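Using the sequences and the hints, build the whole thing.
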Amino acid sequence: MEMIPLPQISVGAIAPELTLVAAAMIILMLEVFTISKGRDNLAYVALAAVGVAGYLVIESLGSPMTTFSKMYVVDDFSGFIKLVCLLGAGMTILMSVKYTRDEGIDGGEYYSLLLFATTGMFFMVSGADLITIFLGLETMSISLYALAGYARGRLASNEASIKYFILGALSSAFMLYGMSMIYGAAGVTNLHEIARIIGQNKENIHLVMLGGGLVLIGFAFKISAVPFHMWTPDVYQGAPTPITAFMSAGPKAAAFAAFIRVFSDALISLQYQWWIIVWILAVLTMTVGNLIALSQENIKRMFAYSSIAHAGYILVGFTAGGKLGESAMLFYLLIYTFMNIGAFAIVAIVGQQGEERTSVSDFAGLGYRHPLLGLAMVALLFSLAGIPPTAGFWGKYYLFTAALDQGYVWLAILAALNSVIAVFYYLRVIVVMYMREEKGESLPQNAFPASIVVVILVAIYGSVLLGITPGGYLALAASSSLAH
Amino acid sequence: MGLDNIWWVPILPLIGALMNGLFGYRMGKVWTTFWALGTTGLSFAIALLAFGNLVAMPASERVFEKVLFTWVQAGSFTAEAGIQIDPLSGLFMLIVTGVGFLIHVYSVGYMGEEDAYPRYFSYLNLFMFSMLLLVMGNNFLLMFIGWEGVGLCSYLLIGYYYKKDSAADAGKKAFIMNRIGDFGFLLGIMWIFWTLGSIDYTTVFAAAPHSEELMRHTRWGGLTVVTLITLFLFVGATGKSAQIPLYTWLPDAMEGPTPVSALIHAATMVTAGVYMVARCNVLFNMAPVTMVVVAAVGALTAIFAATMGLFQNDIKRVLAYSTVSQLGYMFLACGVGAYVAAVFHVMTHAFFKACLFLGSGSVIHGMSGEQDMRQMGGLKEKMPHTHLTFLISTLAIAGIPIFAGFFSKDEILLSAFMGHTPGHIFYWLLATIAAFVTAFYMFRLYYMTFTGELRAEDHHVRDHVHESPFVMTIPLMILAFLATVGGFLGLPTALVHLPHVLSDFLAPVLNPVAAGAHGEVAEGGHHVSWQMELGFMAFSVAVATLGIFTARYFYKVKPEAAEELARKEGLVHTIYVTVQNKYYVDEIYDYLFTNPIVVFSRKALWKFFDVKIVDGTVNGVANWTMGISGVFRQTETGRVRNYATVMAAGCLVLIWAWIMYL
Amino acid sequence: MEMAIFLVMGALSVGFSLVMILARKPVTSAMSLVAVMFCLAVLFALQSAHLIAILQILVYAGAIMVLFLFVIMLLNLREKEGEESHTKGYGQIFGGAIAFTILIVAVGSTSMSGSPAGLSSDRFGTTAEVGKILFTKYILPFEITSVLLLAALVGAVALVKLRMR
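Protein chains in written order, with the numbering used here: chain A, 1 to 484; chain B, 1 to 662; chain C, 1 to 165.
Hint data in this document are derived by calculation from the structure and do not stem from the laboratory.
Where hints are given, some of them may not hold.
Said to hold, decoys possible - Cross-link-like lysine to aspartate or glutamate pairs, in silico, DMTMM-like; alpha carbons within 20 Å at most: (1) 161(C) x 159(A); (2) 137(C) x 193(A); (3) 29(B) x 113(B); (4) 161(C) x 102(A); (5) 29(B) x 114(B); (6) 161(C) x 106(A); (7) 161(C) x 103(A); (8) 382(B) x 370(B); (9) 29(B) x 115(B); (10) 66(B) x 86(B); (11) 70(A) x 143(C); (12) 380(B) x 467(B); (13) 161(C) x 31(A); (14) 163(B) x 362(A).
Given the structure is predicted, the values throughout are model-derived calculations rather than measurements.
If you want it as structure tokens, here you go:
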């Protein structure tokens with residue numbers, strides 16, 4: 001019997017992932033043994049796991065390492081994105097407490113799927129190998145397909161799930177095909193090795209380009225870049241609101257992180273080929289997202305298009321690249337998580353049971369019936385629109401400056417014009433909230449449980465206070481970028 | 001109080017805004033008034049003391065910068081939040097706090113009956129805070145934040161009567177047009193940071209003259225980088241300061257309460273563009289092309305807006321067009337490099353235009369909310385204080401000597417005439433014609449409102465005409481006093497051999513255009529002979545007087561002539577009347593001058609240019625955008641098959657492009 | 001010889017795939033899929049990936065497809081009547097033709113040279129070798145796959161449970 005040499009394995013490196021998976025399984029077990037009254041507590045178990053994972057990620061900052069046969073990498077870049085994902089997951093869990101109660105959802109599978117999705121994101125952002133990245137992406141996606149269909153009894157939710165699944169499978173097929181082409185050309189799946197081999201050997205460059213293009217499409221689908229965005233509005237509208245909030249933040253951040261890692265690591269020698277494609281994607285995504293958002297009546301759908309547009313802004317930073325571009329993207333992903341989840345939390349509150357009030361006109365007079373809630377919504381919308389001194393402004397400013405810095409003047413101009421268009425539809429919600437005749441009755445007292453208030457407060461912190469003193473977070477984002 | 005505590009000046013109004021915004025409805029009117037007036041009053045007092053300290057310093061040391069905290073520190077990007085007080089920002093600070101305080105006092109009387117009294121004052125205080133941030137910040141980003149802040153407050157205050165659809169729409173229009181300008185401004189700031197590596201005024205203005213990158217010619221028509229930067233900045237200024245083509249929001253903004261129009265849409269916010277251009281004079285001086293654009297836009301706005309104001313009947317709309325026109329003068333001054341004259345006019349304009357707006361508010365108050373001048377008349381006896389102060393301000397804006405407006409406007413005209421900017425004589429001509437038109441329509445306003453018979457039909461209105469309370473008239477008197485003496489700060493040196501106080505004071509900050517390069521400085525008339533100066537003055541006065549007497553003739557001596565003019569249009573008819581009529585000269589005016597202007601103003605400018613072209617373009621862009629939005633919306637079919645087809649098509653296009661071109 | 005088998009099996013798998021998509025009866029589709037799996041298994045075997053070839057038949061053709069057939073029988077799915085026809089006019093055909101051309105050109109324009117992967121050893125593709133590599137070099141992906149499958153399982157159960165209420 002020959003001995004099998006074990007590669008170097010560092011279990012400590014994947015401690016956050018292990019925490020999340022373990023918690024997910026514990027929750028599954030707990031659900032079986034708890035009576036339905038105590039099931040709110042499952043949320044707090046999940047929250048605790050998120051907290052522990054967050055602590056472990058913070059501990060790992062500043063000490064980069066590569067392990068598991070160079071398939072898994074821990075660095076500040078992955079740490080930053082993981083924290084963003086955890087922030088999104090934590091806020092979603094808090095939002096879900098009331099939602100699961102209202103809709104009669106048993107928490108067990110719900111929260112464990114949330115944690116599985118987060119684990120998938122972790123493997124995506126830490127993957128230093130095409131295989132790890134793809135498996136992480138699939139873990140995340142499959143959990144999300146199920147979560148999107150969780151709103152029992154609403155046909156739209158089932159529809160969202162199926163649509164997301166079919167189109168997601170299609171995009172995964174594109175991505176896998178592309179990865180196999182890159183493997184065919186380079187003979188390896190490790191990102192660094194790919195970069196080294198295709199840097200030296202230009203013979204198979206066309207195959208790498210074709211493969212890279214297909215991989216790009218796969219990522220473009222996940223970040224919902226135009227024209228691979230079509231699923232977004234239907235799925236965002238149909239999915240349960242907390243899940244919509246979740247999907248709009250963490251998975252996007254993770255997909256962007258993997259996108260950056262593959263393209264500015266493995267395929268960096270093709271940069272002069274792919275920047276023009278990303279440039280076009282960025283412009284299309286911003287413009288189409290903003291233009292369609294203008295004519296939306298359903299607020300979840302409007303936010304879906306707005307999130308498409310925001311992906312476009314982030315692509316502006318991607319086009320710019322370099323340290324400035326990357327740190328601008330990281331910062332934007334962070335604040336975007338704060339403000340978007342916060343806005344969805346308010347949508348969830350106004351929507352009430354069964355999500356019956358998700359049209360823009362349902363917000364009429366909200367600013368007078370619930371002044372504080374209205375004020376919070378105004379702050380979040382201003383941040384999304386990028387009006388100073390909110391954090392959203394800093395995010396956009398940073399992104400556009402990065403584009404200018406690299407000489408993409410037209411891109412910066414188009415992006416700035418787009419941010420002007422975007423004001424129209426955010427402003428429309430504010431106008432409806434404050435300047436339309438009040439109709440409808442006040443929300444019931446139980447619409448504001450402490451859990452969701454915490455979410456909104458965190459969101460306000462992230463989009464308003466962080467806008468007044470963004471320095472620390474900007475510095476953190478700058479020190480976390482891959483490029484130096 | 002030293003300059004160290006200067007940051008209280010902006011913070012105090014913020015405290016007032018928060019107090020009234022959070023607790024206003026609970027603590028009652030008296031306390032609301034206390035917080036609103038107390039904070040702004042104290043802020044004004046501190047500003048006054050600080051300004052005194054500043055003046056007491058030696059001229060060369062009059063720049064005080066206090067960094068409050070490091071705002072952003074990320075990589076190469078650093079921004080420090082701080083306050084910078086120098087002669088320019090000090091002067092603006094004083095205008096904002098002073099006029100702002102007076103208008104707060106006035107508002108106590110004017111808005112006293114409103115239910116949403118605390119909301120009004122919290123917005124107004126928030127506006128003061130933003131405006132002070134705009135002028136007192138030590139870097140471009142703080143200015144931008146203030147810039148957005150004042151736009152927001154303006155939006156909130158225009159839409160104050162939000163239940164009126166027109167008010168809500170006007171607010172939205174103002175906000176969106178301002179955003180278009182802001183986007184240019186933001187790009188300008190980003191570009192400044194990109195080329196000079198800083199957004200701090202001191203650093204940027206010190207580095208700019210030596211920067212080769214700024215003088216680099218770009219691909220865009222060979223314009224230099226600094227030209228493009230300043231053009232972007234100027235786009236911002238046209239939005240905020242209501243210049244062609246982004247001016248239409250200002251007349252609509254009159255939907256807001258009158259004190260708001262006085263403070264935001266006359267005295268302070270709309271002059272932010274002028275402040276910005278003056279602040280960046282180093283950059284603008286480096287960009288001759290931009291200077292021509294600034295001067296041309298200013299001169300054209302001055303004349304267009306003035307003619308548009310000719311036959312408006314809403315008292316506030318006349319004043320709104322006049323504000324646009326006066327702002328045009330200020331930009332004309334900037335464009336010919338006479339920044340001191342521009343700032344001087346900002347100051348005098350703040351006094352007399354605030355007074356005019358508050359006076360019109362007093363009239364509207366007395367007329368039970370009526371704004372149509374055709375319903376007014378004969379208010380001279382019924383509202384003596386308002387009448388007197390209004391007359392003084394009208395004389396000031398018309399440019400009659402000893403009143404403030406005369407000196408500043410005269411300086412602008414002289415600078416335009418003596419300037420170096422290409423086409424300056426043409427601009428001077430436009431501005432002079434505009435001066436005539438201004439004198440005419442302002443006195444038309446005066447005569448229609450205060451002289452003759454009260455024309456209101458509603459007897460309730462007739463019976464209730466009354467003078468406003470002292471809380472409203474005292475601010476009027478103070479402003480009228482300032483509108484009288486304010487001009488003495490900038491007496492023409494060529495004439496009186498006294499120092500041009502303002503020019504000397506502002507000299508360290510404002511560099512006259514290309515001083516030394518052209519060997520001659522028109523600024524302040526240092527190189528202008530007294531004969532020429534005197535000749536200019538006489539000419540200006542003659543023009544203004546002509547305007548006044550024309551108005552007097554039509555609206556006081558022979559009001560029916562004006563009515564006839566209003567009724568009869570068309571060429572043949574006019575000739576017929578001219579032959580018949582014994583007022584031969586007037587009919588020539590009618591035919592040659594007034595009637596075309598009536599038609600031009602009412603039909604062409606207001607109806608067509610304003611409503612069709614500019615509004616049309618703005619609405620058109622919106623409609624067009626919505627139209628495209630609708631087309632794109634067709635893609636939302638909800639069918640997975642279609643979605644997958646689009647994805648596949650996108651994929652194929654990408655691959656195809658990749659193979660063909662890369 | 002290898003080339004001949006590759007061409008025949010490749011053509012067959014494409015053909016059966018088309019039948020699978022175009023067939024009107026669900027059972028025909030399912031059976032075509034089984035045929036595709038077999039063709040693929042042969043292709044794997046040609047590449048010396050014996051374990052994968054066997055698994056392809058055992059797991060996909062055997063287990064999964066049997067489940068599919070059971071489901072079809074239980075649900076009693078028949079030929080859909082009155083549905084829109086499968087041929088969707090010339091637009092689709094034209095679009096498909098363009099897509100096909102572009103793909104052909106794309107693949108044709110990418111030159112492959114050498115055999116960078118090659119066979120690492122003569123035991124390549126054997127169960128022992130695959131097992132070894134799975135538990136050493138690819139241990140992490142292997143474990144992630146288990147999480148992935150667990151997530152899929154939980155998700156499927158959760159959705160079905162929701163609908164069963």
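Would the pair residue 163(B) and residue 362(A) pass a check requiring their Cα atoms to be no farther apart than 20 Å? Holds: residue 163(B) and residue 362(A) sit about 18 Å apart, inside 20 Å.
Hey, residue 161(C) versus residue 106(A), does the alpha-carbon distance stay inside 20 Å? holds (10 Å)
Holds or violated: residue 29(B) to residue 115(B), with C-alpha atoms at most 20 Å apart: Distance of about 10 Å is within 20 Å: holds.
Pair hint residue 66(B) and residue 86(B), alpha-carbon separation not exceeding 20 Å: holds (11 Å)
Holds or violated: residue 29(B) to residue 113(B), with C-alpha atoms at most 20 Å apart: holds (10 Å)
Does residue 31(A) sit within 20 Å of residue 161(C), going by the straight-line distance between their CA atoms? Satisfied, since the Cα-Cα distance of roughly 14 Å is no more than 20 Å.
Holds or violated: are the alpha carbons of residue 380(B) and residue 467(B) at most 20 Å from each other? Measuring from Cα to Cα gives roughly 10 Å; hence the hint holds.
Is it true that the CA of residue 161(C) sits at most 20 Å from the CA of residue 102(A)? holds (18 Å)
Given the proposed pairing of residue 161(C) with residue 159(A), does the C-alpha separation stay at or below 20 Å? Distance ~17 Å between residue 161(C) and residue 159(A) Cα, so the pair holds.
Compare the distance between the alpha carbons of residue 137(C) and residue 193(A) with 20 Å, and conclude whether the hinted pair is satisfied. holds (15 Å)
Just to be careful, I want the Cα atoms of residue 161(C) and residue 103(A) compared with a cutoff of 20 Å; is the pair within it? holds (14 Å)
Can you confirm whether the C-alpha distance between residue 29(B) and residue 114(B) stays at or below 20 Å? holds (10 Å)
When held up to the earlier numbered hints, the structure conflicts with none and fits them all.
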